[in-house]
Structures are given as structure tokens and as C-alpha cells.
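Asker: Chains V and S, in that order, are what the protein sequence lines are.
So that you can map any letter, position 3 of the first sequence is 3 in the working numbering, and since no number is skipped, the others follow by simple counting.
So that you can map any letter, position 14 of the second sequence is 14 in the working numbering, and since no number is skipped, the others follow by simple counting.
Any given hint could be a false lead.
Claimed, not checked - Residues from chain V that keep clear of chain S, each with C-beta distances beyond 10 Å, as calculated:
(1) Ala213
(2) Ala245
(3) Asp260
(4) Ala265
(5) Lys319
(6) Gly323
(7) Tyr336
(8) Asn406
(9) Lys436
(10) Ala449
As the list claims (entries may be wrong) - Beta-carbon label-pair distances, calculated as ranges:
(11) V/Arg335 x S/Gly19: 50 to 56 Å
(12) S/Met8 x V/Asp463: 35 to 41 Å
(13) S/Glu77 x V/Glu105: 49 to 55 Å
(14) V/Asp322 x S/Gly19: 32 to 38 Å
(15) V/Pro407 x S/Pro24: 21 to 27 Å
No lab work stands behind these hints, which were simulated from the structure alone.
Every residue, glycine too, gets a C-beta built ideally from N, C-alpha and C.
Chain residues, written in single-letter form:
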Amino acid sequence: MKSLWRSLVDSGGEIAGGFCGPERTVNFAELKAGSMFPMPVEELRGRSLLIATGEQLATALALLELDGVARRMVLCTPDLTGRQLEAVAAAAQADAVVGEAPHPEFSALPRIAPRAKPTAPIDRPHSEGTDSEATEWVLLTSGTTGTPKLVVHSLRSLCGALSGGAAGASRSVWSTFYDIRRYGGLQIYLRAVRSGSLLVLSSGRESIRDFLARASRAGVTHISGTPSHWRRALMSGAARLISPAYVRLSGEVADQSILDGLKEAFPGATIAHAFASTEAGVGFDVTDGLAGFPETFVDRPGRAADRDRGVEPAPADLKVADGTLRIRSRGIGARYLGGEARSLADDEGYIDTGDLVELVGDRYYFRGRRGGVINVGGYKVYPEEVEAVLNADPRVRMSLVRGRRNPIMGAVAVADVVLTEGAPESQDPVSAARLKDELLNACRRVLPAYKVPAVLRLVAKLDVTEAGKLVRPDA
Amino acid sequence: MSIRDEIMSTFREVAEVQGRRLAPLTNDLKLTECGLDSLSFALVVTNLEDSLSVDPFNSSEGVDFPVTLGDFIRLYEQAGT
Numbered sequence: 001m002k003s004l005w006r007s008l009v010d011s012g013g014e015i016a017g018g019f020c021g022p023e024r025t026v027n028f029a030e031l032k033a034g035s036m037f038p039m040p041v042e043e044l045r046g047r048s049l050l051i052a053t054g055e056q057l058a059t060a061l062a063l064l065e066l067d068g069v070a071r072r073m074v075l076c077t078p079d080l081t082g083r084q085l086e087a088v089a090a091a092a093q094a095d096a097v098v099g100e101a102p103h104p105e106f107s108a109l110p111r112i113a114p115r116a117k118p119t120a121p122i123d124r125p126h127s128e129g130t131d132s133e134a135t136e137w138v139l140l141t142s143g144t145t146g147t148p149k150l151v152v153h154s155l156r157s158l159c160g161a162l163s164g165g166a167a168g169a170s171r172s173v174w175s176t177f178y179d180i181r182r183y184g185g186l187q188i189y190l191r192a193v194r195s196g197s198l199l200v201l202s203s204g205r206e207s208i209r210d211f212l213a214r215a216s217r218a219g220v221t222h223i224s225g226t227p228s229h230w231r232r233a234l235m236s237g238a239a240r241l242i243s244p245a246y247v248r249l250s251g252e253v254a255d256q257s258i259l260d261g262l263k264e265a266f267p268g269a270t271i272a273h274a275f276a277s278t279e280a281g282v283g284f285d286v287t288d289g290l291a292g293f294p295e296t297f298v299d300r301p302g303r304a305a306d307r308d309r310g311v312e313p314a315p316a317d318l319k320v321a322d323g324t325l326r327i328r329s330r331g332i333g334a335r336y337l338g339g340e341a342r343s344l345a346d347d348e349g350y351i352d353t354g355d356l357v358e359l360v361g362d363r364y365y366f367r368g369r370r371g372g373v374i375n376v377g378g379y380k381v382y383p384e385e386v387e388a389v390l391n392a393d394p395r396v397r398m399s400l401v402r403g404r405r406n407p408i409m410g411a412v413a414v415a416d417v418v419l420t421e422g423a424p425e426s427q428d429p430v431s432a433a434r435l436k437d438e439l440l441n442a443c444r445r446v447l448p449a450y451k452v453p454a455v456l457r458l459v460a461k462l463d464v465t466e467a468g469k470l471v472r473p474d475a
Numbered sequence: 001m002s003i004r005d006e007i008m009s010t011f012r013e014v015a016e017v018q019g020r021r022l023a024p025l026t027n028d029l030k031l032t033e034c035g036l037d038s039l040s041f042a043l044v045v046t047n048l049e050d051s052l053s054v055d056p057f058n059s060s061e062g063v064d065f066p067v068t069l070g071d072f073i074r075l076y077e078q079a080g081t
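Bound-form chain S, shown alone (with noise of 0.2 Å):
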């Protein structure tokens, strides 16, 4: 699978499980308007963070926070690479 659908498929379990109603997940999705809330996303971290061996967040170089879906993507393809 890939990074993008391993971030997806993340997304929906955890929308399921905390009972949360996803938005269509779309490159340009802001996370702040997908349906999770910051729990669901600390789960969402922390599951990635077990299946795809990294952790983006815990850079040196200190991140930027993605704003959109396709951002939160990205910094895992970057840092997976």
C-alpha cells in the first residue's frame, strides 16, 4: 500500500472507531474541517506512526504544520523518503 493509502485508510478506521463523520477526502480537504477531532488525529499519528516506521512530527528541523490533507501527505512522503 501506498503512503497515500495508508494515510487514508488511517482516516477512515479512526473516523469509524470515534464514531466521527469524515469529509471526502480530497488533496485540498483542510484537516481542521475533516470531521476529526484532536484526539482522532493523535490516534491517526500515532497508528502512521506504528505502520509506515516514521514520525515526521519528531524532525529536527522542526515542521510546519500541515493545513490540508494533501500537506499532511506530503510530509510523510518526504519522510518516508
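With the rest of the complex left out, here is chain V (with noise of 0.2 Å):
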């Protein structure tokens, strides 16, 4: 497979696409010219390189000059810890650090510090056309507070679902509230680099109002987030900013009142949400606007069967074993690095997701993880289930259920929500009072009294993760 610099010089013609950072543009032209690299790359082929740059924008260069020169290109997310980068360098067998400044607890690898911008003169490989097969791209898993895990990907699987669709758009713009470092941000990146585009990146340093006006100007046209990033848009007021064509949702559960919300704010857009994970690459789009996913994506005769029938194949198979989804696709992951060798997949490629399932009627939905279970006296509280039915009030903008010790039952779910702007009642407090016996009396119409949250608070936010998905105590 040509890699990401040469399939880019390949496409030939104009190159009009390009990165856009909060304080500057660097478009493919001009680093056709020039090199971030203060050596010639040359010097880098067959390194093991950790990616640990400030801002997204030099990770984004950096990615696209080291494809097909260097061994192994590890993703470093901005919110590793010095012994978390320690833990990454080891398993992963760093040569070097890429990064603008040295990270103040961790020291002990040589650092690479890129330029500012691209510049001449410059020796690279380019010419002479590399093969992305030399590099493996290793990302790290979100979520978890010890130490990270180390996921091997190569060009190759993580554009595995990038076929069709949207993919090959011209004069897209695409932007992501995810940083490219991330499973659900690097896709967006490949797709804009794939297609020649101009990628709006995020910035930790920019509210989202600055954002959504920067992706404004530069007027994107595919943007993509997680249900708790879009919650925030929309609740700031800000996503009005923007029309995109295209927006898509991933890295959570889409309830059915976040896909209505952005219908209603972009009412000419295609909704669609999608399910991806590190490990397993992307599962399936879907795009009819509703929650869930249709039955018959579930063990379908499979990819090669949709070939032979000339067809366009599913990204990937799936099916349900033991209540959680399971997937095998092009784009799953090769291997953990480090610690447990152990291959990703059972013995049929199948990677489980750990995320349960419920089939309802002819669709399937979402019932949260695994081991993000309420255990209410013996009975099973999906947090994602109660919070559906909050979130479906138009007054609620996002909810969060969770468990909390209790002496008679062990647990009871209690809910924290938070209220779109401008609803009266987060003023006054007897009409706060009445609208929590409203959302209480909602719950109980239609969940069985175990779930109905044993209490229920009205809060002015609720903690987002860095990669973007709300906090989850259990989970």
C-alpha cells in the first residue's frame, strides 16, 4: 500500500487541502517544499517513535512525513502522564520522542523537535515512493486511569473502513472534535488526507464557540464528535455556527434525542452514527436518523458472500454472543504491544466489543458496557437505557445514571442531569422541583420501578473524558 505522503503527491493536479490549526494554516503545497523535520527523514527510516506533540497540527505533519519512513509511529494523546509515557516508551520500544518540548517528568528518550512550520531544504524518500507496509501505527486506548494500552494498527486496517460513503468527496472540509491522536479523530484525519482535503483540527486551548467559528470560516462541510461533544455544541449555542453536510457521531451510545437535536439544528445534513473502537476499527454506519442499528446487520452470509453477489461489502461482520456485540472487520486491530501478547481476536477474527446489546423488535440497542452495569437487588439498570428516557424531555440536554451503594438493594441508579440553556427551571427552584417530579413521573411510565433513579439532581455540568465521552464511575 503507497503510503500517505505518496498516495497524497499521487493524486496529483492541485493539492488544495491542508491543516488548519487555531493559530495557523500549513496547506500540502507547502510542505511539498518543506520538511518539519530539522534532519533529513531519511535519518528517522526504521525508527520506533513516540508522537507526543503539544498541539494537533505538528502530529498531523508528522504522521504524513513518517509514514513508510519509520518502524513504528506511536500516537501519544497530550494527557499522558510522565510514567504513563515511560510505561508507552518501554513496551513500544522507543528510539526517540517527537515533541515540540521535552514533558517535565519524562526525560529519558532523545527528542526530535520539529520546526515551526515546513521548511527547505529537504531530503526525503518521497520521490522515490515509500510503502506504508514498513510502519505500524500504534494507538493508544482511552478511558482507562492506569496504563494505557498499546494497539497495532498499520495504514492498511485503519482505512479499512473508509471505502465508500463520503470517503473520495471533493471540496470537502472536514473537521473533528476528537484529536487526531485518537481512534475516532485519526480516521477523520486519514479520510481528509485520503481525499486531498482541508482538516479543521481541534485545539484543548479553544472553546468550542472559537472552534465551531474557526471551522466556520474555513467552511467545513463533514464534521465529526461524540454524543457528549455535540451535546455541548448544541448547548452552547454555537453549533449554529456551522452547516455542514455531514455529521457523524461516534465513541458513544447516539441516543435517539441527540439525533434528533442535530436533525433539528441541521436539517439538510446527513445524521449518521457510527460504531468504532481501537481495537476493532469501525462496525457498521448507520444513516436512517434512528438509535440503534437494524437487525440485518447481524450475522449477515458476510463480506465475501456480498462480493460474490456484487454487492458493497459491510465493513465488517458482526454478531451478538452473550448479550455483547462482537465485530470482524479489515480495520481490527493487529496485536497489543507489550505486557500481554495475547491476538486481539477470537479464533474466528471476531473481536467482542464488551458493549451489550438488546434486540427490540427488528433493531438492536445499545445497553451500555459490560462492567458499567447497575446491579439494583439482583435486577440489571443499563445507565444508557434510564438516561434515554431522560434526555428524550427537550428540556434535559444530557443525563448521567449511575449506581450508588445502597444497604437493602446493594445499589439503586441515581441520575445527574443537566438542563438546556435557558431552561426557566434551572432558576427557580420550585419550578426545578416540579420538573424533576416530571422527568421521575416519565421514567416511570415506561421503566419498571427498579430503574427509575432513586434520585435525581439537577447539576450545571457533567465531566467530559478527553476523548470525549462522558465520565463514567462504574464503567
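Two chains, two frames, some hints: make the complex.
Answerer: Rendered as C-alpha cells:
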């Protein structure tokens, strides 16, 4: 498979795209004329490198130059502690760190400081062409408090899900709330680069309003994020700054209210929600505007049969076993680095996502993580199921249901609720109390008693992880 | 509101919401006969945890589970002092 840079150059003609960061934009033509590395890129051939830059722009440029050259690129997220970096460096047998500044608690490896912008002269092997197969792309799993797991991918496995759909759309401008060093963001990065498009990068130092204003000025057409990212965008009122043609949600369960909210905010847009994980790749895209996914996605005859019948193969084979979704895809990670060397997939090539699904009618719905279930006296409560009921109220922007220890039942479900901006209930205690009763009554109408939150609190905000997902204490 | 009053009104509120018929609340009423099921009890305890800011069941000494409503109130009164 051609390296990223090679496929960009070979796409020929005008290369209009590039990367738009909070401070500056670097277009591909500039990069063609210069390198961001202070030494000939060829000197980095065969090396194992941690990519640990502050802003995403430097990572975006480094990946483009190093694919097909470095032996291993480890995409380090900016939230890693010095201790975590040490563990990652050891597992990846890293030779050097690419980063602007040394990490205060981690200076064990030689550092390669990228230039502020691509600068000539350059001496790079791109003209002879490079093969991406020489390079391992290593992603870190998010959401863990201990040492992150290192998942080995290749450009081929990362691009496994990119065929068809909007991937080849010309004149598109991509953006994502995600950091491109995470799986969801990297998917968008690759879509943009491989189609020679402009990519508007997010920044941790920018407010959601400033980010969307910048995306709007760049003319964003395709934009992705987690449901929590999108709830925040709708809540801030900044969503109206953009008018994309394609809106994508992944990384968390998309419930009906966020899908409806986005449809209302962007009436002309395709709203797609995808299932993807760092290990399993992209499982499927759902574009019918409904939560969950059709039963027909599961236990299909398989991609080989699709090809035989002459239809576009689905991105992955799906099955449900022991209540959780299993995926076998072209986008599957090869293995973990360091520690446990076990293969990611079972004997048949499926990965257990750990996500519980339930068939209701002819559709599967997500019921949370296997570890996130609240056990109320032996009854299982899936937080997402209760949250979906709360979120269905137009006055509710987002909610979090979690377990609270209880001496009688072991645990009970309790809910924290964030109201939409300007909901009068957030100001006045009397109407707040009434709203709480109404929300709980809505739960009582459709849920068995043990699933109804024992306590419901109105809160100003809910914490969202660096990866853009709701912080779930139990999961 | 006294601890006793708070407990009484929480019993009544939970019973109403859960559609339970509550026996007259007297000190020697056995909790098992008061009309609440275990989920309702769980809700009473959780609500009292918030309104009284005490959780007598989480004491390090371990607790004898109260038998009567009087025992139950005493448990909260002792934990609250």
C-alpha cells in the first residue's frame, strides 16, 4: 500500500487541502516544498518513535512525513503522565520522542523538536516512493486510568472502513471534535488526507464556540464527534455557526434525542452514527436517523458473500454472543504491544467489544458496557437506557445515571441531569422541583420501578473525558 | 424538621410514589409489616442519606438491622448526633 505522502502526491494536480490549526494553517503545497523535521527524514527510517506533540498540527504533519519511513509511530495523547509515557516508551521500544518541548516528568529518550512550520531545504525519500507496510501505527486506548494499552494498526487496517460513502468526496472540508491521536479523530484525518482535503483540527486551548467559528470560516462540510461533544455544541448555542452536509457521531451510544437534536440543528445534513473502537475498527454506520442499528446488520452472510453477489461489502461482520456485540472487520488492530501478547481476536477473527446490545423488534439497541451495569438487588439497570428516557425531555441536554451503594438493594440508580440553556427551571427552585417530578414520572411510565432513579439532581455540567466521552464512574 | 418527622414524611412520600399502602406509623410497627417492599426501603434510605446527610448503615462498627420503626428512627438519631 502506498504511503500517505505518496498517495497524496500521486493524486496529482492541485493539492488544495492541508491542516488548519488554531494559530495557523499549513497546506499540502507548503509541505511539499519543505519538511518539519530538522534533519533529513531518511535518518528516521526504521526507527520507533513516540509522537508526543502539544498541538495536533505537529502530529498531523509528522504522520504524513513518517508513514512508510519510521518502523513504528506511537500516537501519544496529550493527557499522558510522565509515568504513562515511560511505560508506553518501554512497550514500544521507542528510540526517540517527536515533540516541541520535553515532558516535565519524562526525559528518558532523545527528543526531536519539529520546526514551527515546514522549511526547505528538504531531503526526503518521497520521490522514490515509500511503502506504508513498513510502518506500524500504534494507538493508545482511552478511558483507562492505569497504563494505556498499545494497539498496533497499519495504514491498511486504519483505512479498512474508509471505502465508499463520503470518503472520496471532493471539495469537502473535514473537521472533528476529536483529537486526531485517538481512533475517531484519526479516521477523519485519514479521510481528509487521502482525499486531499482541508482538515480543521480542534484544540484543547480553544472554546467550543471559537473552534466552531474557525471551522465555519474554513467552510466545514463534514464534521464528527462523540454524542457528548455534540450535546455540548448544541448546549453552547455554537452549533448554529456551522452548516455541514455530513455530521458523524461515534465513540458513545447515540440516543434518539441527540440524533433528533442534530437533525433539527442541521436539517439539510446527513446524520450518521457509527460504531467504532480502537481495537475493533469501524463496525458499521447508521444513516437512517434512528438510534440503534437494524437487526439485518448482524449474522449477515459475510463480506465474501457480498462481493459474490456484487454488492458493496459491509465494513465488518457482526455477531452477538453472550449479549455483547462482536466485530470482525478489515479495520481490526493486529495485536497489543508489550505486556500481554495475546491476539485481539478470537479463533474466528471476532473481537468482543464489551458493549451490551438488546434486540427490540427488528432493531438492536446499546445497553451500556458490560462492566457498567448497575445491579439493583439482582436486577440489571443499564445506565444508557435510563438516560435515553431522561434525554427525551426537550428541557434536558444530557444526563448521567450511575449506581449508588445501598444497604438494602446493594445499589440503586441515581441520575445527574444538565438542563438546556435557558430552561427556566434552572433558575427557580419551585419549577426545578416540579421538573424533577416530571422527569421521574416519565421514567416511571416506561421503566420498571427498579430502573427509576432513586435520586435525581440537576447539575450545571457533567464531566467529559479527554476522549470526549461522559465520565462514567462504574464503567 | 426533626429527624423523626423527616423519616415519617420520607416513608409517606416513597409509599405514595411506589403505590404502597402504608400501615399507621407507630414506634412498635414492624418494618416488615409497614407495607413497603425492599426497593421502597432502599429508596427511603437513599433519600434520607441526602436529606439528613447521614448513612447509619455505613458505620464501621456494623449495625443490627432495625426491626421496628422505633429502632429505625433511633438508628438515625444516634448516627446524627
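Asker: Taking 21 to 27 Å as the hint, is the beta-carbon distance of V/Pro407 and S/Pro24 inside that range?
Answerer: holds (25 Å)
Asker: Hey, is V/Ala265 genuinely clear of chain S, shortest beta carbon separation above 10 Å?
Answerer: Holds, since 36 Å exceeds 10 Å.
Asker: Taking 10 Å as the cut and beta carbons as the points, is V/Lys436 off the interface with chain S?
Answerer: holds (12 Å)
Asker: Quick check on a hinted range of 50 to 56 Å for V/Arg335 and S/Gly19, using CB atoms only.
Answerer: holds (55 Å)
Asker: Take a quick look at V/Ala449 and tell me if its Cβ sits farther than 10 Å from every Cβ on chain S, holds or violated.
Answerer: Answer for V/Ala449: violated, closest chain S Cβ roughly 6 Å.
Asker: Look at the Cβ atoms of S/Met8 and V/Asp463 and judge whether their distance stays inside 35 to 41 Å.
Answerer: The hinted range 35 to 41 Å holds for S/Met8 and V/Asp463, with Cβ atoms some 37 Å apart.
Asker: Does V/Ala213 really sit off the interface, with its C-beta more than 10 Å from all C-beta atoms of chain S?
Answerer: The assertion about V/Ala213 holds, with a minimum of 41 Å to chain S.
Asker: Verify this label for me: V/Tyr336 is non-interface relative to chain S, using a Cβ-Cβ cutoff of 10 Å.
Answerer: holds (39 Å)
Asker: Classify the label on V/Gly323 as holds or violated, using whether its beta-carbon is more than 10 Å from each beta-carbon of chain S.
Answerer: holds (24 Å)
Asker: Confirm or reject the statement that V/Ala245 sits farther than 10 Å, beta carbon to beta carbon, from all of chain S.
Answerer: holds (47 Å)
Asker: Mind checking the hinted window 49 to 55 Å against the Cβ distance between S/Glu77 and V/Glu105?
Answerer: holds (51 Å)
Asker: Minimum C-beta separation from V/Asn406 to chain S exceeding 10 Å: can you confirm that?
Answerer: Label violated. Min Cβ-Cβ 5 Å, cutoff 10 Å.
Of the numbered hints listed earlier, those contradicted by the structure are 8 and 10.
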